[in-house]
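*Asks:* Turn these sequences into a full structure, and let the hints guide you.
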Amino acid sequence: MSELAIYFDSSLCTACRGCQASCKVWNELPSPIDFDAGKDTFAGTYQNPPDLNKDTRLIITFKERERENAYGIDWGFGRRACMHCTDAACVEVCPSGCLHHDTDGTGFVVYDVDKCIGCQYCRSACPFDVPRHRGVGVQGAGIKIDKCTACIDRVRHDRKPACVGACQPGALDFGDRDEMIAKAHERVDALKAKGFEDARVYGETEMGGLHVINVLKYDVSMYEPLPDKPAKSPLVDVLSKVAKPLGAVAAVGVVGGLALTYALAHGYHRDKLYYDEKNHDVIDTDTGEVVKHIDKEAGER
Amino acid sequence: MIKGYWFFGQNPLQSLGNSKYLRNVIANLDWLVFDDMYMTETASFWDAPDMRDKASEINTECYFLPIASLFEKNGTVINSGRVMQWRYQAIEPRGDSKWDLEAIWLVHQRLRQLYEEEGGALPDPILNAKWDYAGDDGKPDMRKVAWELNGYSTYGATEDFENGTPKLLDGYSKLKADGSTASGVWIYTGYYGNPDAPFDPAQQNVGRRLRDDPDGLNIFPKWAFSWPANRRILYNRASCDMDGKPWREGLAPVEWDGEKWVTNDVPDFVASKTDSDGNTVAVEPNNKAFFMNWEQNARLFASTLNDMPLPEHYEPFESPTENLLNGAGSNPAMLFNSYDSNKKGTSGTYPIVATTYSFTEHWSSGAETHNAPVLNEMMPTQYCELPTELAQEKGIENGDDVRIFNDRGSIVVKAMVTKRITPLTVNGSKQYTIGIVHDWGWANVYTHGDITNDLVPGVGDPNSFIAENKAFLVDIEKA
Ligand code: SF4
Ligand code: SF4
Ligand code: SF4
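Those sequence lines, one after another, are chains A and B. For what it's worth, the numbering used here labels the leading residue of the first sequence as 1, then goes sequentially. For what it's worth, the numbering used here labels the leading residue of the second sequence as 302, then goes sequentially.
Keep in mind the hints are simulated off the structure, nothing from the lab. One or more hints might be untrue.
Stated by the list, open to error - Cut-off 30 angstroms, straight-line C-alpha distance, at most; resulting in silico cross-link-like pairs (DSSO-like, lysine-lysine):
id: 1; chain 1: A; residue 1: K63; chain 2: B; residue 2: K720
id: 2; chain 1: A; residue 1: K229; chain 2: B; residue 2: K720
id: 3; chain 1: A; residue 1: K39; chain 2: B; residue 2: K771
id: 4; chain 1: B; residue 1: K445; chain 2: A; residue 2: K39
id: 5; chain 1: B; residue 1: K779; chain 2: B; residue 2: K304
id: 6; chain 1: B; residue 1: K523; chain 2: B; residue 2: K645
id: 7; chain 1: A; residue 1: K63; chain 2: B; residue 2: K695
id: 8; chain 1: A; residue 1: K160; chain 2: B; residue 2: K589
id: 9; chain 1: B; residue 1: K589; chain 2: B; residue 2: K644
id: 10; chain 1: A; residue 1: K63; chain 2: B; residue 2: K645
id: 11; chain 1: B; residue 1: K720; chain 2: A; residue 2: K192
id: 12; chain 1: A; residue 1: K39; chain 2: B; residue 2: K304
To be verified - Where chain B lies over chain A, by a calculated footprint (3+ residues, C-beta under 8 angstroms):
id: 13; region: 19-31
id: 14; region: 58-71
id: 15; region: 213-223
Even glycine gets a Cβ: it sits at the ideal position worked out from N, Cα and C.
*Replies:* So, in structure tokens, the structure goes:
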């Protein structure tokens with residue numbers, strides 16, 4: 001497959017959030033069902049839930065500001081989800097081989113959830129603060145990543161991602177990355193001609209090239225928390241150079257001492273654990289004890 | 302003397318203006334029947350926060366009939382674009398829930414039995430009602446109802462309905478005023494008009510699904526049926542000039558080619574006629590574009606509206622200003638505006654103009670959408686959008702609880718402080734407007750809120766009866 005990309009045009013988006021709902025429905029991600037869930041944290045905005053979470057891979061962000069132009073107001077709608085970086089910091093730091101670029105060459109960053117050891121380095125490393133994790137487990141063993149997969153299960157069967165399929169005004173599109181980039185430039189030119197002088201293409205070069213190509217109608221501050229110039233955190237090098245080889249040696253485990261170094265900065269604490277892929281056991285490398293057996297047949301992951 | 306009311310899939314005690322007043326007076330009825338998929342504010346009016354405590358004093362007898370959802374029944378669906386489509390049942394209704402029609406059917410049968418056994422006032426409409434729509438299973442057959450709506454020849458119709466051989470009519474031009482035909486709704490005639498397959502909706506216009514789109518006009522004339530006469534665009538003659546030439550080349554549903562009308566849509570004007578020899582001849586372009594009017598012309602001065610022959614501006618029932626355009630105030634023909642229950646407020650007491658609306662995630666009274674957790678998650682609570690300046694004046698922060706009130710009611714919702722609603726200057730002074738979403742109530746399983754329509758006056762438009770929900774006076778404070 002050629003390199004593909006999701007296209008998002010913030011100037012055509014009506015913030016209907018059909019994409020956000022579709023993502024949940026296709027990917028079977030639950031929504032809270034407690035009575036009046038979310039009422040107390042409601043912060044006076046349409047942006048709900050307020051950020052990505054373990055069951056939410058995509059949100060539309062809202063930001064408004066007054067402006068002295070014919071419209072009197074700017075209202076920016078952003079698409080917040082994994083950007084599918086070429087230079088993917090998450091892939092670089094992932095010690096277990098869970099996160100990886102799709103082997104078909106689409107450029108999408110996918111994961112094998114069975115390999116996730118719950119270390120959450122990816123979240124610390126991601127310049128867009130995307131990956132989230134669910135579950136509780138013995139010292140992280142039951143914790144699993146969740147983030148946008150570019151609906152790779154659909155893409156492999158020649159279908160557009162669920163979010164793209166839901167978009168009525170054509171703000172979302174999907175196709176060859178080159179085509180999406182060309183389309184984005186055309187659109188930015190049109191926006192500039194209309195007086196939106198800050199309009200820009202976001203994703204062509206960022207992080208070695210994203211596989212989400214964004215047309216931003218306003219300057220990037222209207223799409224918070226989107227960074228103007230996303231960059232690898234210095235942590236990435238440390239984590240990938242040190243943690244990864246060791247992780248590989250221990251098959252998947254995270255070495256206690258190292259983890260502690262980062263735990264000081266990030267509040268994580270891990271014991272040395274080992275995941276036996278054959279027997280699906282999580283084993284304490286110190287004691288050899290089976291901390292948790294993953295019952296695959298019962299659907300546990 | 303009205304003794305009771307039967308609600309079909311409606312939630313007026315949430316969606317009508319002056320809701321608080323209405324839910325209090327409805328308790329004077331002897332009985333109520335609610336036919337719905339969900340428990341609504343109407344079906345549980347006695348459980349309103351302001352009525353709950355004295356619910357034991359309410360003597361109204363209430364029946365809730367659980368009704369099948371749209372996936373659990375078949376029949377005709379019609380959208381507001383006039384397209385009628387046949388929908389097939391996908392799954393069996395859950396539990397004891399039934400189709401709406403079956404519910405009416407069972408009640409009718411029982412009523413009829415009671416009238417036969419015991420007699421009663423005005424028996425004729427019940428005992429003589431035509432009600433021969435039973436299918437093989439004894440339940441109502443929606444296809445037979447479709448025959449009734451579409452229309453048929455009445456000659457031998459009683460046997461026809463028994464034998465499944467209705468003489469269906471293919472267009473309303475076949476309807477006669479002499480009793481030889483019948484039709485439930487003349488504008489539908491032709492939607493189910495194929496007498497060769499009365500039991501197969503797929504062979505009826507309403508069930509066809511052809512994707513042809515001549516000239517790429519997005520008309521799709523053979524996809525289902527559009528009432529009346531499968532006309533997709535009303536007044537389509539107006540797409541051409543006096544000579545029948547399209548105003549926009551290549552985008553005309555009808556066009557005069559010099560000899561005849563070329564039609565991609567069913568003409569909504571007289572395009573041909575029958576001459577004295579019985580031949581069909583084209584009618585040359587003329588100025589008669591509106592053939593439902595007796596003179597077939599457009600009307601600037603319309604005699605059919607109850608309040609005015611020409612458009613006029615009126616202020617709402619409650620307004621912060623005089624009517625500066627004509628001095629008339631609000632519409633003199635407005636309905637129900639003299640009722641005391643409306644408790645008209647003035648801008649002296651209630652200086653803020655409020656409007657109400659819905660938003661993407663929730664539909665109408667929210668009975669259906671509030672039962673989808675994914676939608677609740679995207680907008681978890683009822684809110685009011687208010688201008689930043691007003692919020693500052695009142696000490697209201699984004700996300701605070703605010704109380705909005707007038708003499709009709711008082712509700713508490715969350716504040717959404719925004720620059721998108723700017724204050725206006727009216728008669729030289731600053732006028733604030735706030736916008737309140739109305740899709741909440743107390744009856745939902747996952748989320749609850751107040752009834753925004755408690756604040757709205759119960760007045761109506763003199764032509765459509767549509768309530769004036771979109772402009773009224775309130776005050777607001779931090780709750
Ligand atoms: S579906 Fe399209 S228009 Fe709606 S919020 Fe998503 S991107 Fe925007
Ligand atoms: S956006 Fe974050 S999670 Fe997605 S590929 Fe890039 S680094 Fe990884
Ligand atoms: S591509 Fe799929 S997983 Fe990613 S945001 Fe869209 S719907 Fe969700």
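*Asks:* Now, for every hint given, state plainly whether the structure supports it.
*Replies:* Hint check:
no. : hint            : verdict
1   : K63/A x K720/B  : holds (11 angstroms)
2   : K229/A x K720/B : holds (29 angstroms)
3   : K39/A x K771/B  : holds (26 angstroms)
4   : K445/B x K39/A  : violated (49 angstroms)
5   : K779/B x K304/B : violated (42 angstroms)
6   : K523/B x K645/B : violated (52 angstroms)
7   : K63/A x K695/B  : holds (23 angstroms)
8   : K160/A x K589/B : violated (49 angstroms)
9   : K589/B x K644/B : violated (48 angstroms)
10  : K63/A x K645/B  : violated (38 angstroms)
11  : K720/B x K192/A : holds (25 angstroms)
12  : K39/A x K304/B  : violated (40 angstroms)
13  : 19-31           : holds (count 6)
14  : 58-71           : holds (count 3)
15  : 213-223         : violated (count 0)
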